[in-house]
Structure formats: C-alpha cells, structure tokens
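**Student:** Protein chains in written order, with this note's numbering: chain A, 1 to 300; chain B, 1 to 184.
Incorrect hints may have been included.
[As the list claims (entries may be wrong)] Derived list of chain B stretches under chain A, where covered just means 3 residues or more per stretch with a C-beta under 8 Å from a C-beta of chain A:
1) 83-90
2) 96-107
3) 122-133
4) 144-155
[Said to hold, decoys possible] In silico EDC-like links for lysine to aspartate or glutamate, alpha-carbon gap of 20 Å or less:
5) K181/B / E285/A
6) K56/B / D145/B
7) K286/A / E175/B
8) K56/B / E295/A
[Said to hold, decoys possible] Here are a few chain A residues that sit away from chain B, every Cβ distance over 10 Å (derived from the structure):
9) E17
10) S153
11) L154
By construction, these hints were calculated from the structure, which means they are not laboratory data. Ideal placement from N, C-alpha and C gives every residue a C-beta, glycine not left out.
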Amino acid sequence: MNGSPLSPGEVDQLLRELSTERVTGAVRFNGVASGTLFVDRGIIYFAAIDGRPLTAAELANAGIEHRMWQEAGSRPGARGHFADELMALGCPRHAIESFVDERIVELVSKIRTDGATSVDRTEARHGFGATVGLDPLRYVRSTVVPQPDTLISLDRTSAATVTIDRVAWNAIAELVAPFRYAELAAAVEHPSQVVAALEQAGLITTVRSDTDGRDPDVDRPPAPEVGAVEPEPGVPTDSDLPRQLFPDDDEDSEEYVPDRVGRQTYAAIASMRASARAAEPSHGEKTHALRRLIEAVRGL
Amino acid sequence: MDNVINFKLVVTGPFAAGKTAFISAVSEIPVVSTETGTTDGAEVKEHTTVTMDFGKISVTDGDQLMELFLFGTPGQSRFDFMWDILAKGMIGYVLLVDALRPDTWADAADIRARFEELRPVPAVVAANRLGDADPGPLIEALGLDPSVPVIPCEAVDRESVKAVLVTLLVTVVEEMESSAKGLV
C-alpha cells in the first residue's frame, strides 16, 4: 500500500477476494480505522476492532447472556472454540450470529468511511472459533452506497407509494431538490437504504458522480464509549475476548442497535431477543407452546 | 406478561408467489409491508413488496404468552441480503410457489437451496393455485426430497393457509421430539 487511504471500492474488492479466493487467516487494517477480520475459507467469523472493547449492551442486543459469556470463558478448551462453548451453554446460534455480524459490519463500515492506509494478511486465527460467520461477497453486494455528491431529484409525477420512517421523510421534505446524497446522509441514519427504497419505487432519480470521492455515509450509529476491560487473572484469553463486563452498563440500551429492518419488525425481533435473554425455555416448554399455537392456528 | 415464548416462521418464495396474501390470511395484526409500483414483471402485478412482510399469531395460557411471528421475505433478488437476517432463529419455513407459473419454479429451487444452506430446518412447500393438478412437475422442478410435504394451497384462503401452517408446525414439533429422544 502507498499510504493513501483505501477507497470504498478497494475495500469492497478486498472483501470480494476474501470470499472468491476462500482465504483463511487474518486481515489486519491499519490507519484511522484499524482492526482485524478473521476469515476461514472465505467466511469472516470475527472482527476485532481496535479501541472498541466489548460492552454489556452489545451482548444484550445480540441476545447473549452475560453469565453464559463469562462461563464460556472459564471453561477449559474454550480457546479456539468460544462460540461452541457458548452454544453448549444454551446460547442460541442466532444470537451468536447476530453478535458476530454486528462487529463485522461495524469494522467494515469504519474502514469504508474513516479509511485504512495499509492492509496486512497473516495466518492468525481467533479464539472465537469459526462456527458462525458472514459471507463478505454477499455483504458487499447488499451494501453498495452512493457517492456523497450523487445528485438526487424527486419525481413528483410518480403515483407509487413507499413507506419510510418519519425522520427520513422530514429530511427529504426539508431538503431542496435536487440535493446531494451527502446532505441526506447528514440528516438520516440509514441514507443508502432510504435512497434504495425511493429509487426502487421510482420516486427519485439519481445521477452518480464519476469521481472516486470518499463516502461519508455511516449506516451505523457510533459505538458507545467505554473504558478498557481487564481480563480475569488466571483465565486464558484472546485479546478480544474480555471476560469481565462493566456491571454498570445499561443492558437495555437500544442505542447501539442498528435499525436495518424497520421499527415495527425490529420491535418483534427485540421481543424475541428479550425472550431469549430472560430464560431459554426448556424443550418441554417449547413443545407445549408450539402445540398451543397449533391449536390457535386451527381455531382461527 | 412475564412469560413470553416466541417462534419465527419464514414465508419465502419467488416474486409474486403470494407471500403477502398468505401471511395476511392468518395474521392477527395488519401485515406490515411496503408496496410500490414495479417495473419487474410489470405484466404480472401492479405492486410488489420491496421489504419484508410481518404477521403474528398469538395465544395466552394463564400468564404465558406464546407468539408465532411470520416473516415474509422480499421477492426480488436484490433484497436477498435480508434472507440471512430473516432466517436467523427460524424454526421452519414455507416455500410458497405459484403452481401456474412454471417460469418461477427455478427461482423457487434456488431459494430452497439457499435456505437449506442458511439453516436446515423443517420446511413445507405450499403450491399456490395448484388445485387438483398433478404436483409431479413442480416436485421435479424443485428437486424435492420425498420427505418434504407439498401442499396445495390458495394463499388468499384462510383455511388453506391454516392447513399449511399446521402441517409445518406439526413437523417442527415432531422433529424437536425426535431430537430430544436422540439425545437421551
């Protein structure tokens, strides 16, 4: 690398290559945004983000219980198989997937927006283990973000309808069309999704710029700032698997949860997560509940 | 309500297979969806869902609330990134296929392969508008294992949709009980 920050396009190309070349090892990004992606046969299974220690809210948002996390870390054989240990303790696979995905997406977003000046590849593996992961090729395909100076015009003759949240609506109503994508990005939380929905509906047209400018779009809220976490003495750890969490962290904080699926649907997902956090139902409870639901469906 | 148990079912299938109607037929809440005019297959329908559908069925037993969430996947391939999110935590899925549109069966086969890769859980195939026709060609096109139920369905008919869901839920319970016995 020549010291110039990676462009979003270069980051995306690198991610595609991780998948197509079925890379195994670690990809270290250095610069304003720094961290490491851990890859196993083309699937990213963990992201270590410099200066971004784990928080209780992060675990809670993913539906992982604190006690499970700590207990998994204290079990012999946890190194290299931490995710497996979590699942053996009853942590739902989908919660672990959610936790892993969120970190990966956060690091990649930071690199895309803040930039990294160099990339190193090593054979390192992460103690979390490659039980779950994210396909970088599919992720790149789903998250193409417009350039900041993309021009957006409104099609006032279209009769189509689309649902967007009130913040996005207010922002669009206040901007003077045609406006730049960067203006919308400054006002809403997930501008690329808003643009994609409106464009799909035929309610806006966009004129992409040919310039390869840095994209200021940050589709994720900033991580909460917390202090350093000290690993428990005597417990073998990998550098990014702290065993002790801040007891004062607000478990119910919604601040960090990305709103990728719409508020009503997220409310349903949050309900499911809350249910998972409270106590994993026993097998008997689940089958009983399903049988009751079968009766309920029959009775509709 | 202190005790809540919820489950997620996914309703998936090709574009314009009837997913929105399917969920709407049984949901106790208005199905959350986004509809817009589309240029994809404009000759097929005027509106298409560009984000997910969401419906719910619930029952209360004393202080125990049991909820069944129905998530419908977006029909267009450009939204397939949502499938990963929707598939997480699902206990089973319905693959809804329009029996009168063989041109969509290859898509349905791809979707099934994708979901099997994402999460191998019980599934049923609901053949929308099959009527009394022979399901053989559809079964062959989807490359289905004989153990996968193929159920004739009318997505707009509540009784028909109920039958599909009951079949799927019974299969889920049977698999759960078999798994539990296997662990003993």
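**Student:** Each hint: holds or not?
**Tutor:** For each hint, the structure was consulted:
Counting residues of the segment 83-90 of chain B whose CB falls under 8 Å from any CB of chain A gives 4; the rule of at least 3 is met. With a cut-off of 8 Å between beta carbons, the segment 96-107 of chain B has 0 residues touching chain A; three or more are needed, and the interface restraint is violated. Coverage of the segment 122-133 of chain B by chain A is violated. Counting CB-CB distances below 8 Å, 0 residues qualify, and the rule asks for three or more. With a threshold of 8 Å between beta carbons, the proposed coverage of the segment 144-155 of chain B by chain A is violated, since 0 of its residues qualify and at least three are required.
With a C-alpha separation of about 16 Å, the suggested pairing of K181/B with E285/A holds against the 20 Å cut-off. For the hint linking K56/B to D145/B, the alpha-carbon distance of about 29 Å lies beyond 20 Å, and the restraint is violated. A threshold of 20 Å between alpha carbons decides the hint, and for K286/A with E175/B the separation of about 12 Å falls inside it, so the pair holds. Between K56/B and E295/A, the direct Cα distance comes to roughly 15 Å. Compliance with the 20 Å bound is thereby established for this hinted pair.
Remark: the non-interface label on E17/A is consistent with the geometry, its nearest Cβ contact in chain B lying 19 Å away (cut-off 10 Å). The beta carbon of S153/A sits about 18 Å from the closest Cβ of chain B, which is more than 10 Å, so the claim that it is off the interface holds. Listed as outside the interface, L154/A is consistent with that label: its C-beta sits roughly 15 Å from the nearest C-beta of chain B, beyond the 10 Å cut-off.
Hint compliance for this structure: hints 2, 3, 4 and 6 are broken, all remaining hints hold.
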